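Please model the complete structure; the sequences and the hints are all you need to start from.
The chain contents come next:
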Amino acid sequence: MASAAQSRIKSISYAKYGYMFIAPFFLVYCFFQIWPLIYTFILSFKGNQANNEAWVGFDNYSQILFGTGSAAGAAAAHEEFARSLGNTFILWIGNFIPQILLSLLLAVWFTDAKIKLPGKGFFKIVMYMPNIITAASVAALYLNLFGDSKNYFVNSLLIKMGMVTESTTIQFVSGEVASKVMVMFIQTWLWFGNTMIMLMSGIMGINPSLFEAADIDGANSTQQFFKITLPLLQPIMVYTLVTSMIGGLQMFDLPYLFHNGANFSKQLETVAVYIYYNFNKGTVDQASYGYAGAASIIIFIITAILGSITFYMNRDKDAIAKKKQRKKAEKQLKAKMKQGGGFSI
Amino acid sequence: MSTKSQYGEVKDDYHKKIMAKSIAILIVCILLTLICLVPIYILIVNSTHASNDLAQNPSRFFFGSHLGDNMKTLMNNLPEDAGKAAKRIAKQYSSTFNVGKGYMNSLIIAGFSTLLTVFFSAMTAYGLTVYDFKLSGPAYTFIIAVMMIPVQVSSAGFVRFMYTLNLINNFIPLIVPAIAAPAVIFFMVSYMKSSFPLEIVEAARIDGCTEFRTFVTIAIPMMGPAIAVQAIFAFVSNWNNYYTQNMILKNADFATVPIMVSKVLAFDKNIDNGVNYLCVTLSILPIVIVYFILSKFIIAGVALGGVKE
Amino acid sequence: MSKLTRTLALLASIAVVSTAFVACGGGSEDSTSSAAPAADNSSAADSSAADSSADADANADADADADADADADSRDSAATPSGNLGDDDPTLTIVCWTDADLQNMFDVYADHSDATVVYQNCGGNGTEASTQYATYLNSGDDVDLFVAEAGWILNYINDDSMSAPLSDLGLTEADYADAYQYTVDIGTDNNGVLKAASWQAAPGGFAYNTTLAEQYLGVTTPEDMQAKIGSWDDFATTAQELHDASNGAVTMTATLGGLWQAFSTAQSAAWVNGTDIQTDIAREFADMAKDYVDKGYVNPAVEQWTTDWTNVGLNGETLGYFYSTWCLGEAAQLEQNGGTEGNWRIVIGPQEYFWGGSWLCVSPNCNTATEAANFVRSFTVDPDIMKEYVEYSGDFANNKTVMEEEAAGDYTNPLLGDQNQFAILKDVAAGITMSDTISKYDQNLKDTFLKTLKDNIDSDTDTILSTFTSQALADNPDLTAGDGSAAPADDAAAEGEDSAAEGDADAAADGEDSAAE
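The listed protein sequences derive, respectively, from chains A, B and C.
Read in my numbering, the first sequence has 267 at position 267, and its numbers run on one by one without any break.
Read in my numbering, the second sequence has 27 at position 27, and its numbers run on one by one without any break.
Read in my numbering, the third sequence has 512 at position 512, and its numbers run on one by one without any break.
Because the hints were derived from the structure by calculation, they are not lab data.
Heads up, a few of these hints could be off.
[Claimed, not checked] Partial pick of chain B residues on the chain A-facing surface, computed with a CB cut under 8 Å:
(1) Asn57
(2) Asn240
(3) Val261
(4) Asp268
(5) Ala300
[Stated by the list, open to error] Computed footprint of chain A on chain C, listed as stretches where at least three residues anywhere in the stretch have a Cβ under 8 Å from a Cβ of chain A:
(6) 116–128
(7) 470–477
[Said to hold, decoys possible] As a list, the in silico BS3-like pairs of lysine-lysine whose alpha-carbon atoms are at most 27 Å apart:
(8) Lys327(A) - Lys120(A)
(9) Lys193(B) - Lys331(A)
(10) Lys134(B) - Lys16(A)
(11) Lys227(A) - Lys114(A)
(12) Lys17(B) - Lys114(A)
(13) Lys21(B) - Lys227(A)
(14) Lys116(A) - Lys16(B)
(15) Lys84(B) - Lys426(C)
(16) Lys116(A) - Lys21(B)
(17) Lys193(B) - Lys327(A)
(18) Lys114(A) - Lys16(B)
(19) Lys227(A) - Lys16(B)
All figures in this text were calculated on a predicted structure; none of them were measured in a lab.
Even glycine gets a Cβ: it sits at the ideal position worked out from N, Cα and C.
Following this line, the structure appears as C-alpha cells:
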C-alpha cells in the first residue's frame with residue numbers, strides 16, 4: 001500500500017500516539033508500585049518499634065539474614081525469618097508436586113482419544129471450581145470442617161468410625177505437621193484444576209500425527225507419555241512452575257487465616273505472613289517496619305533471580321510454543337463462543 | 001490358531017484393557033469430583049443446622065431445618081421475644097457480616113478494577129503493537145520483567161504511602177492500581193501480535209478516524225475474546241483479593257466479602273456455628289453459581305493461557 | 001461473542017439488582033443504634049442535677065443524699081468539653097471490635113439521650129482490633145471514642161496522635177474519686193495525663209457447675225466449694241478427687257488460659273521490667289500447668305474464646321471456668337458456655353485475681369465533643385446511670401459506692417441461681433493493683449506464652465520458656481531477655497556469626513543429653 005519511506009515517515013509521525021497509549025500504564029505503575037517499592041526499600045534501612053525513625057543501615061538485613069545485629073533478639077529474628085522462608089518453600093513444594101502430578105495424569109487421560117470417558121466436560125468444570133472460591137472462604141470452610149477437637153466435622157466423624165478417640169483427635173489446625181499437610185492439600189485442591197486445563201491445552205497443541213506414528217510403531221501409552229508428551233510439554237511445564245513459584249512466594253490468605261484463637265499459626269508462617277505481621281502489629285512504635293521492609297526486599301531479589309533464570313532458559317522455545325498453543329486454544333474459545341449460550345454444563 | 005482369531009483375541013484383549021482403564025479413570029475422576037464438591041455440600045448442610053445441634057453432633061450429612069432461623073439471626077431479624085443472648089449474637093453477626101453491603105463493596109471494587117484492567121491493558125498493548133516508537137522495545141521488556149514481582153514486595157511501602165495520602169478506608173487504592181496489570185498486557189500483546197491485522201489501522205486512518213477512536217471502535221471489538229478471558233480472571237482475582245483489601249479497608253462500611261469472612265472467623269464470643277457456616281456459604285455461593293453459568297467460557301479461557309494469580 | 005456479552009450483561013444486572021435488594025433488606029438495622037424514642041427523653045445537654053434527683057427519687061435509697069451531692073458537684077464541672085475538640089457532628093461514633101459487647105451500654109444510654117450513636121466495628125476480636133485501630137484512627141474516618149483493652153491500651157494512650165486527654169471532654173481525675181484506683185492508673189499515660197476511663201472493674205472468680213460438683217464432690221453450697229478450693233493446694237487436691245470420681249471425664253477447669261489469668265494477675269510481677277522480659281511467673285505457671293495437664297485436671301487442647309471452650313461447658317465436661325465479672329451478665333460468657341439452667345455458682349476460688357476490662361478513650365479527631373463527654377461521663381462517673389447499667393447488664397461498674405450498694409442490695413443473678421456476684425467479688429475489686437505491672441507488650445507476650453505453652457506442653461519447662469523468650473524477642477526487637485530466663489542457645493548464637501550454627505547444635509546436643517539423663 002505504502003512505500004517503505006512513506007511508512008517510515010508515518011511511523012515517526014505516529015510515535016507520539018504510542019507514548020500516549022502506554023503512558024497511563026507507566027504513570028500508574030510508577031505511582032502505585034515503583035514508588036512504594038522505593039519506600040519499602042527505605043523502610044528496610046530504618047529501625048523497628050520505638051526506633052522506627054532512626055537510620056540503621058544494614059542492621060535489619062544482618063539481623064534477619066544472619067542473626068547478628070543490634071537487637072537482643074537478633075538470633076530469634078533470624079530464626080523466625082529463616083523459618084518463614086522454610087515454611088514457604090515446604091508449603092510450596094508440598095502443593096506443587098502433587099498438583100503437577102495429578103494435573104498431568106488427568107490432562108493425559110482427558111486428552112487421550114482412546115479412552116472413552118463420559119462427562120469429561122463436567123469433570124473439568126467441577127475440578128476447576130475450587131479455584132474461583134475466595135481463599136478466605138476456603139480457609140473458613142476447612143477450619144469449620146477440620147477443627148482440632150471432636151466439635152468439628154471430620155474429627156467427630158473419625159471418632160464415630162472409631163479411628164481416633166476424643167483425646168487423640170487429629171490436630172489438623174494446630175498440629176505442626178498436620179496443619180502443613182492441610183494447607184498443602186487445600187492449595188492442591190485449589191489449583192489442580194487450573195493446572196490440568198493449562199496442561200491439556202498444551203497436550204492438545206502437540207501434533208496428533210506424532211501419536212499416530214507412535215501407535216503404529218507399537219509404543220504403549222507410557223512410552224508415548226515419556227517420549228512425546230513430556231518433552232513437548234516442557235515449555236508449558238516451565239511456565240506452570242514459574243507462575244506457581246511466584247504464587248508460592250505470595251502465599252498469604254490460607255496460612256494466615258488457618259488457625260485457632262486470636263493469632264496466626266507460627267508453623268504456617270510464610271514470608272508473606274511474616275511481612276504482613278511485622279508491618280501490622282499495631283501502633284507505629286509497636287510494628288517492625290524495618291524487618292518487614294528488609295524481608296520484602298529479600299523476596300524481591302529472590303523473585304528477580306528466579307525470574308531471570310527461567311527467562312533466559314526459555315526465552316525462545318517458550319515464546320514459540322506458547323504462541324502455538326494459544327492460537328489453538330483461541331480457536332476453540334471462538335468456536336465455543338459461536339456455539340454461544342453456554343447455559344448448559 | 002488362525003491369524004485372524006489371534007488378531008481378534010488381541011483386539012478383544014485390547015478393548016478389555018481400554019475398558020478397564022476407562023473405568024478406573026472414571027472412578028478416579030468421580031472421587032476427585034467428590035473431593036471438590038463434598039466440602040461445599042457439607043458447608044451448605046451445616047448452615048441449615050442450629051448451633052446447639054452442631055455442638056452435639058458436628059458431623060451431619062443431611063439438611064436440617066434451621067436455615068430460616070440462621071438467616072434471621074444473620075439479618076438481625078429475630079422475633080421480639082428472642083432472648084438477649086440470641087439478640088446479641090444476631091447483632092454481632094449482622095453488623096459484621098452484612099451480606100448485601102459486602103457484595104456491593106466487592107462488586108464495586110472487582111467491577112471497576114476489571115474495567116480499568118482490561119481497558120488500559122488493551123490500550124497499552126495496542127500502543128505497543130501498533131506504533132513503532134523508540135522506547136516500545138524497552139517498555140515491553142520492562143513490562144515482562146515486572147510481571148513476576150509479587151504484590152507483597154511493595155505492600156509495606158504501599159500502605160504507608162496510602163496512609164500519607166489519606167487514602168485508607170477508600171476504594172481508590174484498590175481500584176486505580178488495576179490500570180497497571182503487566183501480566184494482562186503481556187497476554188494481550190501476544191494476542192494482538194498473532195491475530196490483529198495492522199492494515200485495519202491504516203484503513204481507519206485513511207477513513208479519517210482518530211487514533212483513539214480507532215482503538216475504541218475497531219481494536220477493542222476485535223480483541224473481544226482476549227478481553228473477555230482477562231475480564232473474567234481479573235474479576236475473580238479482584239473479588240478474592242484479601243491481602244490488599246485487608247490492609248486498606250479498616251472501616252466496616254467498606255468491608256468486602258473476604259474481609260467479612262475473616263472477621264467472622266476472628267469472633268471470640270457470641271459464636272453461633274450454624275450462622276458461621278451460613279456466612280461462609282453466602283460468601284461463596286454467588287460466585288460458584290456465576291461460575292457454573294459461565295463455566296464453558298472460563299474453562300476455554302484458562303486453556304487460552306489465563307494468567308495465574 | 002454477542003451472546004457472551006449478553007450473558008455477562010444479564011449476570012451483571014442480576015447481581016446488581018439482587019445486591020441492591022439484599023442491601024435494602026439488611027440495611028435498615030445497620031450498625032446504627034439511634035436512641036429509641038426515649039420514654040423520659042431528657043436531652044443529653046440538660047441532663048443535670050434535676051434529672052438526677054428525679055432518678056434518685058425513683059431509686060429512693062437511704063444513702064442517696066450523699067451520692068446526689070457528690071454527683072451534682074461532678075456534673076457541674078464535668079459536662080463541658082474544653083473546646084480543644086470539634087463539636088459539629090451530631091453523630092457519636094464509637095470504634096470497637098464487636099458492638100455486641102457495648103450493646104448493654106447503648107440500651108441504657110438510649111433512655112438518657114436522644115443522640116445518634118454509631119459503632120464502628122474494627123477487627124473481629126480485641127487482639128485483632130489492637131492492630132487494626134492504628135490504621136483506622138488516623139484514616140480520617142469519623143471516630144469520637146474508641147474502646148481499648150488492658151493488654152494493649154498503653155500503646156494508644158501513650159501516642160498523642162491516637163488519643164486525646166479526657167480533660168478535653170471536661171473530665172478530670174477528681175471526677176474519678178469514687179472509681180477503682182487501678183482503672184485510673186491504667187488510663188493515665190506516661191506523662192501523667194488522664195487519657196482513658198473504664199466503665200467496669202474486672203474482679204474474677206471461679207464459676208462452677210453445681211450439678212457436677214454435687215455428683216462428684218458432694219458439694220452443695222458455694223461456701224463448701226470455696227472451702228475445697230481456697231488455695232492452690234486445695235484446688236489441686238479437689239481436682240484429683242474430681243478426676244478420680246469422674247474417671248477423668250470431667251476436668252477441674254476449662255482452659256490453661258483461664259488458669260493463667262487466675263494464677264498470674266494477682267502476682268505483683270510484671271512481664272516487662274525496663275526492657276527485660278520477666279519469666280519468673282511464667283516459669284512457675286508452666287510447672288503448674290504441666291503438672292495439671294499430666295494429671296488430667298485441665299485439657300490443654302481447649303482454648304479460650306473458641307467453640308471448644310463453649311462446648312466443654314455445654315456438654316458438662318468441666319467443673320468450672322475462671323470468669324471475670326463481665327462474663328457473668330445476661331447473654332455473656334457464662335450463659336453462652338452452658339449456664340442457662342441457673343445451676344452455676346460463683347466463688348472466689350484459690351486466689352483473688354482480676355481479668356481484663358475495657359476503657360473508653362477519646363480520639364484527637366473527635367468532632368462530637370459534647371455528646372462524647374456525656375457518654376463517657378454517663379458510664380464512668382454518673383452513679384445513677386452506672387447503677388442502672390449494673391442492674392441491666394450484670395456488669396461490675398467502676399464505682400465503689402454503686403458497687404457497695406449493689407453488693408448489699410437485692411440484686412440477684414438468675415444464671416447463678418440468684419446469687420449476688422457483687423457481694424462475693426466487690427472486695428476482690430478493691431484489691432486490684434495492676435497499674436505498675438502492665439506494659440504495652442502484655443497482650444503480645446501473654447498470647448505468645450500461652451500458645452507456646454499449649455504447643456509444647458509435653459516439653460520440659462526450660463524448653464517452653466526458651467521457645468517463648470525467643471519468639472517474644474523476634475516479635476519485639478525493643479526488648480531484651482531478662483536475667484536467668486534467657487534462652488542460653490540464643491545468647492550464644494547472638495554473640496558471633498560463626499558461633500550461630502554451633503550454638504544451635506550445642507543447644508540441641510545439650511537437650512539430648514538432658515533428655516537422656
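Hints versus structure:
The restraint placing Asn57(B) at the interface with chain A holds, with a minimum CB-CB distance near 7 Å, inside the 8 Å limit. Taking 8 Å as the C-beta contact cut-off toward chain A, the hint placing Asn240(B) at the interface holds, the least distance being around 4 Å. The closest approach between the C-beta of Val261(B) and any C-beta of chain A is roughly 5 Å, which is under the 8 Å cut-off, so the hint is satisfied. Evaluation of the Asp268(B) hint against chain A yields a held restraint, the C-beta minimum of about 7 Å falling below 8 Å.
Taking 8 Å as the C-beta cut-off, the interface hint given for Ala300(B) holds, the closest approach to chain A being about 4 Å. Beta-carbon proximity to chain A at under 8 Å applies to 4 residues in the region 116–128 of chain C; the threshold of 3 is reached and the given coverage holds. Counting residues of the region 470–477 of chain C whose C-beta sits closer than 8 Å to any C-beta of chain A gives 8, which meets the bar of three, so the coverage hint holds. Between Lys327(A) and Lys120(A) the alpha-carbon distance is near 23 Å, which keeps this suggested pair within the 27 Å criterion.
Only pairs whose Cα atoms come within 27 Å are accepted, and Lys193(B) paired with Lys331(A) is accepted, the gap being roughly 15 Å. Restraint check for Lys134(B) and Lys16(A): the C-alpha separation of about 10 Å stays at or below 27 Å, so the hint holds. Pair hint Lys227(A) plus Lys114(A) holds up; C-alpha atoms about 18 Å apart against a cutoff of 27 Å. Distance hint between Lys17(B) and Lys114(A) is fulfilled; the C-alpha atoms sit about 11 Å from each other, no more than 27 Å.
Taken as a hint, the Lys21(B) and Lys227(A) pair is honoured in the structure, with Cα atoms around 21 Å apart against an allowance of 27 Å. Proximity of Lys116(A) to Lys16(B) is assessed by CA-CA distance (about 12 Å); at most 27 Å being required, the pair is judged to hold. A hinted pair counts as satisfied when its Cα atoms are at most 27 Å apart, and Lys84(B) with Lys426(C) qualifies at roughly 25 Å. For the suggested pair Lys116(A) and Lys21(B), the alpha carbons sit about 9 Å apart, so the restraint of at most 27 Å is met.
At most 27 Å may separate the alpha-carbon atoms for a hinted pair to count; Lys193(B) and Lys327(A) meet this at roughly 11 Å. Taken as a hint, the Lys114(A) and Lys16(B) pair is honoured in the structure, with Cα atoms around 12 Å apart against an allowance of 27 Å. For the suggested pair Lys227(A) and Lys16(B), the alpha carbons sit about 25 Å apart, so the restraint of at most 27 Å is met.
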